[in-house]
Amino acid sequence: MNIALGFLPLLLLGVLIAGVWAGFRSLSPGHGGDDPESMPIDTAEAAKSIAIHVGLFLSLVVCAVGMIDVLQSFVESSRIAGTTSDLARGLSLIIVGGPVYALLLRTVDRRYAERAKQGDARPHLGWSVYLIAALTMTLIASLVSVSQVADRLTDDFDDYRPEELIQLLVWVGLWVAHWFGLRPRFRVRGDAHLAIGSIIGLGWMITGIGAVVFRVFDEAYQSVFDASLAGSYNITFWLVIALAGAAVWAWHWLGNFNVGSSVEGDRRRSPMWFFTVIVAGVLPGLIAMLVSTTVMVSGVLIWFIGSTNEDAVDFFEPATILLTVLALGFVSWAYHRWELDRGGRPDRNESLRFHDYMVVATSLVGVVGAAAVVIGQLIEAIAAESGIAGSLDITNTLIVAVTVLLASAAVWWTQWSIVERHRAEHAFDESDSIFRKLYLIAAFGIGGLVLSVSTIWVLFVLLRDLLDSQTSHDTLGDLVGPVGWGVAVLGAVWYHLGVWRVDRTVLAAHAPPKPAGPSPLTPPAPSAGTTPASLLLAEPAGVQPAATSVLTAAAGITLRQAEPDHAGELFTLMRAVGGEQALQVGSLDVVGLRESFADLQARLATGTMIVAVDGSRIVGVIMRTAGSAALVEQPLVVPDRRNEGIESLLLAEAGA
Amino acid sequence: MATIESPATVSKLPLLIMAAVVGLAVLVTIALVVARGPETYAPGTPEAALQDFLEAGFDGDSVAILELVTDESRDRCQSALDRERFDDNWYSDGLWAELEDMTVVGDVANAEVRFHQRGANDPFNNSRWSYDERFTLERVDGAWLIDRAGWPWPFTECMRGQPS
Numbered sequence: 001m002n003i004a005l006g007f008l009p010l011l012l013l014g015v016l017i018a019g020v021w022a023g024f025r026s027l028s029p030g031h032g033g034d035d036p037e038s039m040p041i042d043t044a045e046a047a048k049s050i051a052i053h054v055g056l057f058l059s060l061v062v063c064a065v066g067m068i069d070v071l072q073s074f075v076e077s078s079r080i081a082g083t084t085s086d087l088a089r090g091l092s093l094i095i096v097g098g099p100v101y102a103l104l105l106r107t108v109d110r111r112y113a114e115r116a117k118q119g120d121a122r123p124h125l126g127w128s129v130y131l132i133a134a135l136t137m138t139l140i141a142s143l144v145s146v147s148q149v150a151d152r153l154t155d156d157f158d159d160y161r162p163e164e165l166i167q168l169l170v171w172v173g174l175w176v177a178h179w180f181g182l183r184p185r186f187r188v189r190g191d192a193h194l195a196i197g198s199i200i201g202l203g204w205m206i207t208g209i210g211a212v213v214f215r216v217f218d219e220a221y222q223s224v225f226d227a228s229l230a231g232s233y234n235i236t237f238w239l240v241i242a243l244a245g246a247a248v249w250a251w252h253w254l255g256n257f258n259v260g261s262s263v264e265g266d267r268r269r270s271p272m273w274f275f276t277v278i279v280a281g282v283l284p285g286l287i288a289m290l291v292s293t294t295v296m297v298s299g300v301l302i303w304f305i306g307s308t309n310e311d312a313v314d315f316f317e318p319a320t321i322l323l324t325v326l327a328l329g330f331v332s333w334a335y336h337r338w339e340l341d342r343g344g345r346p347d348r349n350e351s352l353r354f355h356d357y358m359v360v361a362t363s364l365v366g367v368v369g370a371a372a373v374v375i376g377q378l379i380e381a382i383a384a385e386s387g388i389a390g391s392l393d394i395t396n397t398l399i400v401a402v403t404v405l406l407a408s409a410a411v412w413w414t415q416w417s418i419v420e421r422h423r424a425e426h427a428f429d430e431s432d433s434i435f436r437k438l439y440l441i442a443a444f445g446i447g448g449l450v451l452s453v454s455t456i457w458v459l460f461v462l463l464r465d466l467l468d469s470q471t472s473h474d475t476l477g478d479l480v481g482p483v484g485w486g487v488a489v490l491g492a493v494w495y496h497l498g499v500w501r502v503d504r505t506v507l508a509a510h511a512p513p514k515p516a517g518p519s520p521l522t523p524p525a526p527s528a529g530t531t532p533a534s535l536l537l538a539e540p541a542g543v544q545p546a547a548t549s550v551l552t553a554a555a556g557i558t559l560r561q562a563e564p565d566h567a568g569e570l571f572t573l574m575r576a577v578g579g580e581q582a583l584q585v586g587s588l589d590v591v592g593l594r595e596s597f598a599d600l601q602a603r604l605a606t607g608t609m610i611v612a613v614d615g616s617r618i619v620g621v622i623m624r625t626a627g628s629a630a631l632v633e634q635p636l637v638v639p640d641r642r643n644e645g646i647e648s649l650l651l652a653e654a655g656a
Numbered sequence: 657m658a659t660i661e662s663p664a665t666v667s668k669l670p671l672l673i674m675a676a677v678v679g680l681a682v683l684v685t686i687a688l689v690v691a692r693g694p695e696t697y698a699p700g701t702p703e704a705a706l707q708d709f710l711e712a713g714f715d716g717d718s719v720a721i722l723e724l725v726t727d728e729s730r731d732r733c734q735s736a737l738d739r740e741r742f743d744d745n746w747y748s749d750g751l752w753a754e755l756e757d758m759t760v761v762g763d764v765a766n767a768e769v770r771f772h773q774r775g776a777n778d779p780f781n782n783s784r785w786s787y788d789e790r791f792t793l794e795r796v797d798g799a800w801l802i803d804r805a806g807w808p809w810p811f812t813e814c815m816r817g818q819p820s
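In the order they appear, the protein sequences are chains V and Z. Anchor point for the first sequence: position 201 equals 201 in the numbering used here, and the numbering is continuous, going up by one each time. Just so we're on the same page, the numbering used here is the position in the second sequence counted from 1, plus 656.
Calculated from the structure, these hints are not laboratory results. Virtual Cβ for every residue (Gly too), placed ideally from N, Cα, C. You can take every hint at face value.
Pulled from the structure, derived: some chain Z residues nowhere near chain V, Cβ distances all over 10 Å:
id, residue
1, Arg732
2, Asp763
3, Val764
4, Ala799
Short, incomplete list of chain V residues facing chain Z, as computed with Cβ under 10 Å:
id, residue
5, Leu378
6, Ser386
7, Gly390
8, Ala401
9, Ala488
10, Gly586
Hey, can you work out the whole structure from these sequences and the hints?
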């Protein structure tokens with residue numbers, strides 16, 4: 001169990017990294033709408049940029065520490081002995097760090113100017129990373145300083161130390177300088193700084209509010225059930241923490257990130273926005289609600305039908321913190337779900353899929369873990385012999401395991417049904433999702449590992465006791481863990497193998513057919529980046545196919561440009577083959593079903609369809625469009641003439 | 657976009673089988689736990705006396721324990737009872753015992769008992785461990801009483817014959 005649970009953080013980390021990567025793709029070249037970068041990376045230039053901005057960050061830290069040291073030396077009124085080494089250190093740091101920072105900032109300024117002359121006015125990537133790091137560091141340092149000052153002020157005002165206030169002012173000042181001074185001047189690429197600020201503020205705010213709510217609940221509980229334990233709680237400190245977090249969250253989230261548009265572009269519903277809403281709000285809220293509810297329900301069941309030596313007051317005391325977690329989890333979940341749906345349900349995208357597969361994966365771990373425990377308890381019960389005194393008491397374990405199993409299974413089933421509904425509507429998009437693939441990879445990878453370890457464990461126990469001639473009920477007892485996990489994981493892997501097979505079918509059905517061989521008369525179409533049902537051809541934009549009536553002939557097949565008279569026959573062919581495809585992939589979004597008869601007639605007039613004709617019968621068709629890049633749809637061939645190379649002929653001709 | 661019934665649906669057979677396996681496991685486990693109680697021994701036998709002693713130990717009932725031991729053991733352990741506060745400190749959750757062996761020679765019986773302990777505080781902790789202890793019983797006026805015992809631990813020293 002412990003071994004398997006050890007993989008959970010790895011799984012979550014992997015999915016988190018994938019999510020971060022998806023979010024940060026908007027920062028990278030080629031993903032911005034105004035990003036024309038397609039040139040190779042200049043390694044020397046990149047190394048220079050890294051050196052400049054790392055130096056800038058380090059000199060910022062040096063200056064900050066120096067300023068704190070110097071300013072603190074002015075307010076240390078209680079010094080009666082010792083040296084002024086702090087002042088000396090602070091001055092040294094500022095004397096070195098200040099000019100270095102100014103020099104490097106000037107260098108950044110010049111680089112901006114040079115690039116602007118070359119027509120590149122975008123925010124620099126190196127600068128953006130520096131600015132995000134600087135804003136994050138100063139923000140966290142400011143919040144920590146707030147907590148230190150608040151702790152002093154609320155705990156014992158007589159112990160107030162101006163040094164900590166100086167520290168707070170310096171960090172806040174640096175954050176203000178970066179936000180209001182440097183950010184508008186040099187700008188920043190992407191919204192990572194807003195996402196980070198929103199997440200930090202939200203976490204800080206929820207921690208503060210949670211502590212206040214918990215203390216209120218706890219005080220009420222103690223005063224009602226055990227007055228001797230009731231005491232006066234100092235909640236002022238946590239109120240300050242909550243207010244500081246709320247200010248940070250409101251500034252980043254409400255004021256800057258969660259807005260429809262800004263001078264820097266649309267922010268709501270960007271990949272980073274989705275990632276922030278889902279990872280910082282929806283998922284933690286959902287997990288908090290599930291865990292607290294499950295623990296509370298199983299606790300009540302243990303009290304009534306399980307066994308415990310504790311009295312009611314002690315047994316139910318954790319209810320205060322569980323209720324706090326439940327309440328805050330619900331607020332966070334409900335608010336962020338509302339944000340997701342505000343302004344209409346968003347089209348399904350990878351960020352939403354990230355959410356769905358994270359929920360599915362997390363609940364699956366709960367299902368498998370609880371099932372493993374239940375099966376293990378069965379083996380334990382079988383292995384236990386009737387004793388002389390006492391008995392195997394596994395009621396509590398069963399109660400908790402069954403509660404977790406039911407809760408996790410309900411969540412998994414609900415979320416998985418949603419995912420499968422989307423797959424039914426857009427089979428290729430869902431099956432091709434990176435997060436669906438990661439989910440399946442994780443299921444098979446971790447499942448395979450657990451199965452391997454379980455098998456080794458079972459074999460070891462059996463062989464050990466067989467070779468020592470010591471097989472007994474204790475042998476069975478030693479198999480509780482490996483058999484429980486093995487059976488539970490086997491069931492999960494078995495089901496997901498079915499999922500993988502279906503996905504493979506869907507992806508194969510949508511993949512463009514591979515040419516069986518080069519056309520005898522025309523060169524094969526160059527392989528290029530593919531879209532689900534199209535090939536992006538490597539030819540100049542706007543080039544039309546040759547408008548000859550007879551294009552080529554091979555193996556009794558004539559390829560020719562389709563004519564308006566072909567409309568009826570072509571429409572019948574497209575619908576017949578399209579119906580086949582739709583049944584195969586579980587979606588109506590296939591080539592043969594997209595166009596109405598009127599659309600087809602209009603397309604025929606443009607001369608962008610090529611038909612394969614055997615005698616007088618049309619046996620295949622391919623469509624192409626011309627625009628910024630020429631697109632070729634998947635070729636459609638009648639069932640009895642497939643695998644004869646007609647698809648390849650059509651593809652080669654359309655790409656010629 | 658309309659939805660059609662796709663033949664490419666995932667088989668739910670594994671889910672149904674797993675649900676059946678887990679449901680059956682829960683029911684059989686409950687049945688086994690409920691059905692299996694401690695063994696029943698005839699009154700007046702050393703096994704029955706030992707069972708009473710162990711049950712008293714599991715309950716943390718020091719008064720009952722002292723009624724089931726010989727006078728010598730009671731004298732030795734009375735002070736231990738006062739000092740150890742047996743009732744408050746005893747913890748026997750997740751503990752049960754099996755009688756491995758019982759040998760009776762005249763008025764003396766030697767028993768070997770295997771104790772099993774499993775992690776009781778953490779429902780998901782399946783760890784368990786076992787240890788063996790020996791008990792000596794004497795027949796006094798027709799009744800079997802415990803004279804030497806390596807368990808329960810608050811009485812370990814005195815029940816092994818060492819004055820406490």
